[in-house]
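Engineer: Spelled out from the first residue to the last, the chains are:
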Amino acid sequence: MLKTVEITTKKRIEFIDVTSIVRQAVTESSVRDGICVVYVPHTTCGITINEHADPDVVRDIIYQLEKIVPESGSYNHIEGNSDAHIKASMIGSSESIIISDSKLMLGVWQGIFLCEFDGPRKRYLYIKTLEG
Amino acid sequence: MLKTVEITTKKRIEFIDVTSIVRQAVTESSVRDGICVVYVPHTTCGITINEHADPDVVRDIIYQLEKIVPESGSYNHIEGNSDAHIKASMIGSSESIIISDSKLMLGVWQGIFLCEFDGPRKRYLYIKTLEG
Amino acid sequence: MLKTVEITTKKRIEFIDVTSIVRQAVTESSVRDGICVVYVPHTTCGITINEHADPDVVRDIIYQLEKIVPESGSYNHIEGNSDAHIKASMIGSSESIIISDSKLMLGVWQGIFLCEFDGPRKRYLYIKTLEG
Chain A
966 MLKTVEITTK KRIEFIDVTS IVRQAVTESS VRDGICVVYV PHTTCGITIN EHADPDVVRD
1026 IIYQLEKIVP ESGSYNHIEG NSDAHIKASM IGSSESIIIS DSKLMLGVWQ GIFLCEFDGP
1086 RKRYLYIKTL EG
Chain B
966 MLKTVEITTK KRIEFIDVTS IVRQAVTESS VRDGICVVYV PHTTCGITIN EHADPDVVRD
1026 IIYQLEKIVP ESGSYNHIEG NSDAHIKASM IGSSESIIIS DSKLMLGVWQ GIFLCEFDGP
1086 RKRYLYIKTL EG
Chain C
966 MLKTVEITTK KRIEFIDVTS IVRQAVTESS VRDGICVVYV PHTTCGITIN EHADPDVVRD
1026 IIYQLEKIVP ESGSYNHIEG NSDAHIKASM IGSSESIIIS DSKLMLGVWQ GIFLCEFDGP
1086 RKRYLYIKTL EG
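Chains as they are written, first to last, in my numbering: chain A, 966 to 1097; chain B, 966 to 1097; chain C, 966 to 1097.
Treat the hints as calculated values from the structure; they're not laboratory data.
For every residue, glycine included, the Cβ atom is placed at its ideal position computed from N, Cα and C.
Check each hint, because a few of them may be wrong.
As the list claims (entries may be wrong) - Have a look at the derived ranges for each label pair, beta carbon to beta carbon:
1. A:Thr984 - C:Asn1041: 15 to 23 Å
2. A:Lys968 - B:Lys968: 27 to 35 Å
3. A:Glu993 - C:Arg1086: 30 to 38 Å
As the list claims (entries may be wrong) - Quick list of in silico lysine-lysine cross-link-like pairs, PhoX-like style, CA-CA up to 25 Å:
4. C:Lys1032 - B:Lys968
5. C:Lys976 - C:Lys1068
6. A:Lys1032 - A:Lys976
7. C:Lys1032 - C:Lys975
8. B:Lys1068 - B:Lys968
9. B:Lys976 - B:Lys1032
10. A:Lys1087 - A:Lys976
11. B:Lys1087 - B:Lys976
12. A:Lys1087 - A:Lys968
13. C:Lys968 - A:Lys1068
14. B:Lys1032 - B:Lys975
15. B:Lys1087 - C:Lys1068
16. A:Lys1032 - A:Lys975
17. C:Lys1087 - A:Lys1068
18. B:Lys1032 - A:Lys1032
19. A:Lys968 - A:Lys1068
20. C:Lys1087 - C:Lys975
21. C:Lys976 - C:Lys1087
22. B:Lys1068 - A:Lys968
23. C:Lys1032 - B:Lys1032
24. B:Lys1068 - A:Lys1087
25. C:Lys968 - A:Lys1032
All chains should be modelled from the sequences, with the hints used to inform the complete structure.
Structural biologist: This is how it looks when you write it as structure tokens:
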């Protein structure tokens, strides 16, 4: 099953916790054992899995990504959002999570995030489940 | 279906746009709905998805990766290409893209790139399609 | 098939070569052609594929990751392991490898590593194989 979800981001850089959205898509699908691919069809967004208990973890990831890839630099791309493209390639456009016994096999502290690097914008999230 | 494609790179660092090659492999396969895994069997290459409209985006990604992981550093690996190995682990060896209605679900601006970090060389690209 | 393997790490930062463990899981499964998803259910670990012939490659990857994301920084997360969370998001929680003719299609120099960024600890590795 493929589900497309619309997400509205509110800041330039922001990680949106989409864990419950992905869990619901897995429940809606008839997949009992398989995998779930979470994908963003954008070039200035990424998908990451990390702690969603303490919001300071996401704050620290964003802080350090901004340090490694500053908003301003000797970039050529005329739209002025090169840092967002670079961060997207460092984080990656998708994550694959295992489904077992109809459940997403996330660790206790793991959450799934859509990483917005050039918001605020309307974004799409693709959630694909495969039996196997 | 699994397809292996040979790619000849021409520079030390270079991102090769393989989008049309991957699209063709998806068309050749009988997969209607499923996923496509694009994989490089090399330790100094990566696969990334990013904008392929303006070549300056790739130029800027390469520029910043070189800044974060310089060619010369306090590296021990005797072959002298440690930066290429480090960049490969930062970018990742594969990407998974969703197939729906026999089409690769890339975003409007997204292209798939083989990232060469230690060329020029002859490289291989594996394209695997799964129905599901 | 889904296999869970327990891994005990011994240092704060350490890459554990799990290639033979993953190969064995693929052999045990009945998968002839498909994919293998290797996943860590932890927020301070990652999975990477890189050279496992010369241990200096891993040493150099760790060295540079520590430079890019130092252990101490202006981090807010109270547990003091923010660098480990940041490194985990940069490396990613999983890798997908193609299975063909019952074999894992790794390149000649490629090995699969569980990347410990906040050890020593007891960790879990999920190995999922899908036919297709």
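Engineer: Are the Cα atoms of Lys976 of chain C and Lys1068 of chain C separated by 25 Å or less?
Structural biologist: Violated, at roughly 32 Å.
Engineer: Cβ-Cβ distance between Glu993 of chain A and Arg1086 of chain C: within 30 to 38 Å?
Structural biologist: Hint holds: Cβ distance 35 Å, inside 30 to 38 Å.
Engineer: Starting from Lys1032 of chain B, check that the Cα of Lys975 of chain B is at most 25 Å away, please.
Structural biologist: holds (21 Å)
Engineer: Next pair to validate is Lys1087 of chain A with Lys976 of chain A; report whether the Cα-Cα distance is within 25 Å.
Structural biologist: holds (11 Å)
Engineer: For a C-alpha distance cap of 25 Å, please report whether Lys1032 of chain A and Lys975 of chain A respect it.
Structural biologist: Distance ~21 Å between Lys1032 of chain A and Lys975 of chain A Cα, so the pair holds.
Engineer: Starting from Lys976 of chain B, check that the Cα of Lys1032 of chain B is at most 25 Å away, please.
Structural biologist: holds (18 Å)
Engineer: Given the hint that Lys1032 of chain B pairs with Lys1032 of chain A, does the C-alpha gap stay at or below 25 Å?
Structural biologist: holds (12 Å)
Engineer: A range of 15 to 23 Å was offered for this pair. Does it hold for the Cβ distance of Thr984 of chain A and Asn1041 of chain C?
Structural biologist: Check passed, 21 Å falls within 15 to 23 Å.
Engineer: Next pair to validate is Lys1087 of chain C with Lys975 of chain C; report whether the Cα-Cα distance is within 25 Å.
Structural biologist: holds (9 Å)
Engineer: Are the Cα atoms of Lys1068 of chain B and Lys968 of chain A separated by 25 Å or less?
Structural biologist: This hinted pair holds, its Cα atoms lying about 15 Å apart.
Engineer: Is the hinted pair Lys1087 of chain B and Lys1068 of chain C satisfied, with a Cα-Cα distance of at most 25 Å?
Structural biologist: holds (23 Å)
Engineer: Going straight from one Cα to the other, do Lys1068 of chain B and Lys1087 of chain A come out at no more than 25 Å?
Structural biologist: Holds, at about 23 Å.
Checked against the numbered hints given earlier, the structure breaks hints 4, 5 and 25 and satisfies all the rest.
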